[in-house]
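Chemist: Work out the full structure: start from the sequences and follow the hints.
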Amino acid sequence: KAGVTQTPRYLIKTRGQQVTLSCSPISGHRSVSWYQQTPGQGLQFLFEYFSETQRNKGNFPGRFSGRQFSNSRSEMNVSTLELGDSALYLCASSLGTSGRTGETQYFGPGTRLLVL
Amino acid sequence: AQSVTQLGSHVSVSEGALVLLRCNYSSSVPPYLFWYVQYPNQGLQLLLKYTTGATLVKGINGFEAEFKKSETSFHLTKPSAHMSDAAEYFCAVKNSGNTPLVFGKGTRLSVIA
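These protein sequence lines are chains A and B, in that order. FYI, in the numbering used here the residues of the first sequence are 20 to 135. FYI, in the numbering used here the residues of the second sequence are 1057 to 1169.
Mixed in with the good hints, there may be bad ones.
Label pairs and their calculated CB-CB ranges [as the list claims (entries may be wrong)]:
#1 A:Asn75 with B:Thr1061: 19 to 29 Å
#2 A:Thr33 with B:Gly1072: 41 to 51 Å
#3 A:Arg131 with B:His1138: 26 to 36 Å
#4 A:Gly81 with B:Leu1076: 20 to 30 Å
#5 A:Leu102 with B:Glu1127: 36 to 46 Å
Rather than coming from a laboratory, the hints here were simulated on the basis of the structure. Glycine included, each C-beta is placed from N, C-alpha and C at the ideal position.
Modeler: Shown next as structure tokens:
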């Protein structure tokens, strides 16, 4: 099976612009989670989508949004970019089974966003 | 709320020496625990995880970790370090299937020849 893919891998934007990142999960996976990774804050959870619905949301401002399509592919959007949004954005997919399961999240290679 | 503390942001070992990366967690219910590794310019790869059952968990690349409930710890070990083990290691916890993973700050492992 192909792994989680993320596009683009690298992106340079300027302050005030908006950006859309894409994530294609492993085939059969219905849950997609997004994380922001920075040297200062580490890995922080942004949101999770399951069956086109947001199931969990982290503590990020409303400029950060996402969506999931019927084929489980997901996009995240950041509007009005700030310098502090420079980070590695990681997408992870999992089967999405409910209940108390320790299912594994499989991560993509990430999109490195630089805001100038 | 659940949280993870990784002691030591940077650990350096000699090639062939024991690797010990420390992870302590806090959780109000029995947790699921994970160790991930991240190589430069790559995403995270699962090394091992604890869900239920045997408290000593074996993972890939010779790593293992032991869940100690009384100490709220899940330390990662490898008997003999290899140069290829140099990477950043993340411990993570989650409480149920529908809660997000909470990661520690990470420990950068350097292996000296």
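Chemist: Against the structure shown, which of the earlier numbered hints fail to hold, in ascending order?
Modeler: Those not satisfied come down to hint 4.
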